[in-house]
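Sequences listed follow chains A and B, in order.
For the first sequence, position 246 (counting from the first letter as 1) is numbered 736 according to the working numbering, and the numbering increases by one without interruption.
For the second sequence, position 223 (counting from the first letter as 1) is numbered 713 according to the working numbering, and the numbering increases by one without interruption.
Any given hint could turn out to be false.
[As the list claims (entries may be wrong)] Now the in silico label distances, taken between C-beta atoms and shown as ranges:
#1 B:D513 <-> A:Q741: 27 to 35 Å
#2 B:K511 <-> A:E646: 50 to 58 Å
#3 B:D763 <-> A:Q616: 14 to 22 Å
#4 B:E646 <-> A:D750: 16 to 24 Å
#5 A:D624 <-> B:E692: 20 to 28 Å
#6 A:K639 <-> B:Q741: 31 to 39 Å
[To be verified] 16 Å max Cα-Cα, derived EDC-like pairs, lysine to aspartate or glutamate:
#7 B:K730 <-> A:E747
#8 B:K693 <-> A:D659
#9 B:K726 <-> A:D749
#10 A:K726 <-> B:E747
#11 A:K711 <-> B:D769
#12 A:K690 <-> B:D763
Keep in mind that the hints were calculated from the coordinates and are not lab data.
A virtual CB, placed ideally from N, CA and C, is assigned to each residue, including glycine.
Protein chains: 2
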Amino acid sequence: MILSVIGLGLIGGSIALDLKKRDFVSKVIGVDNNTLNAHAAKKLGLVDEIQDLKSAVQSSDMVVLAIPVDACLRALPNIMNLIDHQIVTDLGSTKEQLIESVANHPKRNQFVPAHPMAGTEFSGPQAAHSGLFDGKCAIICNPEDSDKKAVKLITEMFHCLRMRCVFMDAEVHDRQTAYVSHLSHISAFALSLTVLHKEKSEKHIFELASGGFDSTVRLAKSSAEMWTPIFQQNKKNIGKVLQKYINTLQQFKDLIEEDDLNGVNDLIFEANDIRRVLDQKEKNEKETILQTVNK
Amino acid sequence: MILSVIGLGLIGGSIALDLKKRDFVSKVIGVDNNTLNAHAAKKLGLVDEIQDLKSAVQSSDMVVLAIPVDACLRALPNIMNLIDHQIVTDLGSTKEQLIESVANHPKRNQFVPAHPMAGTEFSGPQAAHSGLFDGKCAIICNPEDSDKKAVKLITEMFHCLRMRCVFMDAEVHDRQTAYVSHLSHISAFALSLTVLHKEKSEKHIFELASGGFDSTVRLAKSSAEMWTPIFQQNKKNIGKVLQKYINTLQQFKDLIEEDDLNGVNDLIFEANDIRRVLDQKEKNEKETILQTVNK
C-alpha cells in the first residue's frame, strides 16, 4: 500500500516514519508547500519521495492530511475531487467545520475524519520521531458517514501506531477537546504572558521559577500557525470553557481574599481528584501498548 | 555538626537525606508531630533518630524548619526561645509574615529565612529523595538582618544541596513567587476543577486528554495542607496576580470571539518568548550543578 502524507511537520513526519517502519505501508510520498520542510523530511528519512499534491494523491492508496486546520479546510475538497479509490483521513484538532465542508461530496464516504490525541510543543520535520503516538487515544468521528472498509483501514492504521480508537460524534469531539486540550493551551499562553509582562519591571523574576512553573507553561511554546485556526474553528466551545475557567479562578480569588480557608481547602481537595484521572490515563496507555503490540 | 529537621515530608526528608549523604552534617535528628511520618522517616533512613522538638533543638547546631507556612508561623518564635548557639532556617514559600513574627526577637540574627525553589506535587516522607534540589535556586531573604556567619552556613548548606543562592528582600520574594509559583498552582487547580466538573455530564471526556493536559494540570495533585496557608499569607500579591491572569484570559476570549486572528497570533508569538526563559533555566541548572559539585 502506498501512502501520501500532506504536511511533513511533527505529526505528519512521525506518522510517516512509524507506518513505514512497522510495515503498514510499502512507500510514503510526502507533500509540503514549504520546500525546506519537504527537503528536510526526505533527508531525515521520514518519506521515500516528494511529489506535488495532485500526483501524490493519484499515485497512492491512502492520503493522510497533517496540516493546520485552516489549511485542511481549504485542501480537503480539492483532494476529494482528485481521488479515485483512495481513502482519505485527516488528523486535525477540530472536526465539525471540516466535515461540513465535504458533507455533500459524492466521495464523502471515502473520507474518515480523525484526531490522534498526541503531540508535543515542538513543530516541524525535525521534531518528528518514532513512538509519538504509542499508547495514546485516536478519535474517529461520525464513522456512520464513512464506508465500513475505510473506517476499518484507518482503525488498523491507528492500531499500527499503537493507539486505541474511540468513535465519537464530531460535535461531542469539538466540545470535549475544548476542555481537555484547547483550554490547556490558552491557560499556558496566558500564564506565560502574565509572567513575561512582569519580567519587564522585575528582570530576575524567573530565577524563582521551579519545575512546577515549567510544567504549567510548557505548552506556551506551541506555534500560532497551528493554534490560532483551532481557536477560530472551535470558538463557540472555547468561549464557554474559558468563561467557566475564569469563573473558577475568580472563585479562588474571592475565597482567598475573604480568608475563607475552609472554602479554599474544599476546592483543592476537589481538584486533587485529578490524581484518579491521571493514574487511570497512565494505566490505559500501558494497556493500549500491550494490546496493540500483540496484535 | 548535628542537624535537626522539623517536619519530615518531601522537603524536610530530602534535605536530611542529602546533607547526611554528602557529609555536611554528622547526624540528623528528626521531629514530626505526625508519629506515622516520624516512624516512616526513620525507617526510610532519612533521619538518624526521632526526638521531641525541645530536645532536638537543644541537642543540635542547626535547625531546619520544613513544615507548612502556618505551622511555621506558630513554631518559629518558640524555637527561637529554645536556642542557644543554634542557627535556624526555614524553607517556606512565603517570607514576609514569618520574618515579621520574630522581628524583635533577641536572637533574630541567628535566623536565616530561606526558600529553596524545588519540590514536586507529591508529599510525605515516602516522596523524599536524593537530588531533589540539584541545580535549582535557593532564595535567602533579608541577609542583612542575620549574622554573617549564619548566612555563610546556610549558603554552604544550599551549595551542598547543589543549589545556587540568590539574596532578596522578603517583600520582593513574596511578590515574585506569586507570579512564578503560586499562580501556576492556582491555574492547575482551576483547570482540574473545570474539567472534573464537566466529567459529571460527559463521563469519557478524559479519553481525549493528551500529554499536554497532564503537564498543565499536574500541580493540581498538590496538597491543601501546604497550599492553603501559602495562599492565605500571600493573599495581597496573589489577588493582584490572579486579576492579571484573568484579564489576559479574557483578552484571549474576546479576540477569539471577535475573530481577530491577527490579535490571537500576536498574543501567541509574545507567549512563545517563554522558550528563551525555559532554555536559560535549563542552562542555569546544568551550570549550577557543575559549579557546586566541583566546590
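Evaluated hints:
no.	hint	result
1	B:D513 <-> A:Q741: 27 to 35 Å	49 Å, violated
2	B:K511 <-> A:E646: 50 to 58 Å	52 Å, holds
3	B:D763 <-> A:Q616: 14 to 22 Å	21 Å, holds
4	B:E646 <-> A:D750: 16 to 24 Å	42 Å, violated
5	A:D624 <-> B:E692: 20 to 28 Å	26 Å, holds
6	A:K639 <-> B:Q741: 31 to 39 Å	47 Å, violated
7	B:K730 <-> A:E747	10 Å, holds
8	B:K693 <-> A:D659	15 Å, holds
9	B:K726 <-> A:D749	11 Å, holds
10	A:K726 <-> B:E747	8 Å, holds
11	A:K711 <-> B:D769	11 Å, holds
12	A:K690 <-> B:D763	13 Å, holds
Going through the hint list in order, the structure does not satisfy hints 1, 4, 6.
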